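Asker: This is what each chain is made of:
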Amino acid sequence: MPQQIKKLLIVFTIVFGIFFIIKYALKPKSFGEFGHYRGLAIIENENKQVKYVGIEACNECHDDIVSYKKEGPHVNLQCEVCHGPGYLHIQDPETNKLIIPSKRENCGICHQKNAARSENNITQVDLKEHNVENKCIDCHKSHNPYEFKD
Amino acid sequence: MDPRYEALYEALKNVHGYIYPNEISLTWSILIVEYPYITGLVAGAFILASLNRVFKIKALEPTYIISLLTAFAFLLVATMPLISHLGKPLRFWEIMITPHSTSAMAIFGFVYLWYLMIVLLLEIWFDYRYDFVIWSREKKGVMKYVYKILTLGAMGTSEKDLKWDKKIGYFITVVGIPSAFLLHGYVGFIFGSVKANPWWSSVMMPVIFLFSAMVSGIALVLFVYMGINFIRKKVQNMPTLDSIGKYLFYILIIDFTLESLDQIHRIYEANESFEIISMLVSGKLFFTLGIMQVTVGTLIPLLILGLFQFFKPADKIRKIAYFIISIFVLTGVFFMRWNVVIGGQLFSKSLHGFTTYNLGFGGQEGFLMALFWMIIPFGILAFLLWLLPPWKKTVH
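These protein sequence lines are chains A and B, in that order. The C-terminal residue of the first sequence carries number 131 in the working numbering, and the numbering is unbroken. The C-terminal residue of the second sequence carries number 418 in the working numbering, and the numbering is unbroken.
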């Protein structure tokens, strides 16, 4: 065997050796347990704090708003899409206040005119044209937007 | 207004017709344009070197080592645009230690490594091994040891050793040609196999990518070769330039034919995606495809090179023409990649609307980043030319 090949074989053995050591050392422990992913990923996700608690939880204290909301077009919305996750608030409402989404853009998240949205599913207004002088909630009641404030 | 809404407003201004929400902004940016561009340059430069070695074309000999070093310099950077496009660039290696056989990108990692380590590095090493030994004897100080390490301890300089260098080098070249085809054909395959995208999904894609890669690689070698001669204040070797020009001409014809074939096929088939694609080509892609790719990158070079096959003006004029052609072709192929990558994302999968690509200046995926990865290979090449000067190689 020519000396070049001999030396190259040594170098390649070292390189591949290092690769396999790295592969072995860095491969996450639970990888491949159930499939081509970290087995522990499932448990890790299971153990995560659930941050959105759902409208039933709000109903315990804010039943007036919940039932009022049912009368209007926002009937199918969860409270937390507007107010943010409520898991801390339901434990201690005094210290953990929720967001009050009073800016025009907050309503715009869903109602802003957008060519990629179907008009059949959600009514759209152009935020730059629809009553620009005021906030949306100066006129619309957020929980039942077809009722207007005086 | 909140910057998010501001951005949405801006984006919506660029939307025409109906598109899906996740299509407003492009996910594959200019960096993904660069990735097939750079791998193409590598494959092309390497194929030129190999043809040169296998068919022993005398006139191309001065470009042999330069093509190899150019290919190597660009190959080292080929994956960088991809990595800097990642949301978490430091996790790029994870794809290599837990690869999945259905992941096109993971397999690319191995195709790339095969090509880098087995083909290019080895070929260059066998070409230079003898010189390393000589240089390690001649040089003083640190460089002596650098060259010594580069020999990997194979210090033989006998006739027999040299014969082996040549023999194995030749063997690697022969293995290297299909490998280079594989490397870049694979990049074309990655795009061609996206069946949801009518602009990409085509069996012709790997072949078209390959030939445009050869075109760009040859143009790059022409550019680099002329540049090196210019910097070293050497006369340009006209027979070499002419013969690179000749090969560029031939491959360019094949490339142009294949791409036209692909388009004609689309036009004749005129399936449901045809309407939007013809709007794309005559609208959003008019400048990058019609002007840059076809006119500047293909037709003008074809015309001039074709003319040179029959009628040779003075050396001085040819020299300038070759230099300009190399830049035109390099630009044209860049825009070919652009038209594939960006063009494929400009129209909606609903086939009813368009969005627009805004190339930012700074930022992770901006113009500066792209420019950076285009300049780095030239830096690496300069370093390689300093470390392994082809003009100081012993001729045997």
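Hints listed in this document are in silico derivations from the structure and should not be mistaken for laboratory results. There may be inaccurate statements among the hints.
[To be verified] Straight-line alpha carbon distances no greater than 25 Å define the calculated SDA-like cross-link-like pairs of lysine to any residue that follow:
hint	chain 1	residue 1	chain 2	residue 2
1	A	K94	B	I46
2	A	K4	B	I117
3	A	K(-13)	B	D264
4	B	K110	A	H17
5	A	K(-13)	B	I46
6	A	K(-13)	B	V155
7	A	K10	B	W115
8	A	K10	B	I117
9	A	K(-12)	B	F114
10	A	K109	B	E32
11	A	K8	B	S106
12	A	K4	B	M118
13	B	K371	A	H92
14	A	K109	B	Y42
15	B	K188	A	K10
16	A	K(-12)	B	W186
17	A	K(-13)	B	P121
18	A	K(-12)	B	K110
19	B	K110	A	P9
20	A	K(-13)	B	E181
21	A	K10	B	Y42
22	A	K(-12)	B	R159
23	A	K94	B	H38
24	B	K35	A	K(-13)
25	A	K8	B	F114
26	B	K188	A	H17
[Claimed, not checked] To give an idea of the chain B side of the interface with chain A (calculated C-beta under 7 Å), a few residues:
hint	residue
27	I119
28	T120
29	H122
30	V155
31	G175
32	A176
33	G178
34	L184
35	W186
Keep in mind it's a predicted model, so treat the numbers as computed, not measured. Note that beta-carbon positions come from the ideal geometry of N, C-alpha and C, so glycine has one too.
Asker: Now, for every hint given, state plainly whether the structure supports it.
Answerer: Structure-based check of all given hints:
1. A:K94 with B:I46: Roughly 14 Å separates the two Cα atoms, so the pair holds.
2. A:K4 with B:I117: The hint holds at about 11 Å.
3. A:K(-13) with B:D264: violated, 42 Å
4. B:K110 with A:H17: With a Cα-Cα distance of about 20 Å, the restraint between K110 (chain B) and H17 (chain A) holds, given a limit of 25 Å.
5. A:K(-13) with B:I46: violated, 57 Å
6. A:K(-13) with B:V155: Since the Cα atoms of K(-13) (chain A) and V155 (chain B) sit roughly 17 Å apart, the hinted pair holds (cutoff 25 Å).
7. A:K10 with B:W115: Holds, at roughly 17 Å.
8. A:K10 with B:I117: holds, 16 Å
9. A:K(-12) with B:F114: violated, 31 Å
10. A:K109 with B:E32: holds, 13 Å
11. A:K8 with B:S106: holds, 23 Å
12. A:K4 with B:M118: Roughly 8 Å separates the two Cα atoms, so the pair holds.
13. B:K371 with A:H92: Roughly 24 Å between the alpha carbons, so the hint for K371 (chain B) and H92 (chain A) holds.
14. A:K109 with B:Y42: Since the Cα atoms of K109 (chain A) and Y42 (chain B) sit roughly 22 Å apart, the hinted pair holds (cutoff 25 Å).
15. B:K188 with A:K10: Roughly 46 Å between the alpha carbons, so the hint for K188 (chain B) and K10 (chain A) is violated.
16. A:K(-12) with B:W186: holds, 13 Å
17. A:K(-13) with B:P121: Cα-Cα ~30 Å, so violated.
18. A:K(-12) with B:K110: Given that 25 Å is the threshold and the Cα spacing comes to 38 Å, the pair is violated.
19. B:K110 with A:P9: holds, 17 Å
20. A:K(-13) with B:E181: Between K(-13) (chain A) and E181 (chain B) the Cα gap is close to 18 Å, so the pair holds against 25 Å.
21. A:K10 with B:Y42: violated, 40 Å
22. A:K(-12) with B:R159: Distance of about 19 Å is within 25 Å: holds.
23. A:K94 with B:H38: holds, 14 Å
24. B:K35 with A:K(-13): violated, 64 Å
25. A:K8 with B:F114: At roughly 13 Å apart (the allowed maximum being 25 Å), F114 (chain B) and K8 (chain A) satisfy the hint.
26. B:K188 with A:H17: violated, 44 Å
27. I119: I119 (chain B) check passes; min Cβ-Cβ to chain A is 5 Å, inside 7 Å.
28. T120: holds, 6 Å
29. H122: With a closest approach of 5 Å, the H122 (chain B) hint holds.
30. V155: Interface hint status for V155 (chain B): violated (11 Å vs cutoff 7 Å).
31. G175: holds, 5 Å
32. A176: holds, 4 Å
33. G178: Holds. Min distance 5 Å.
34. L184: Not OK, violated: L184 (chain B) not within 7 Å of chain A, min 10 Å.
35. W186: holds, 4 Å
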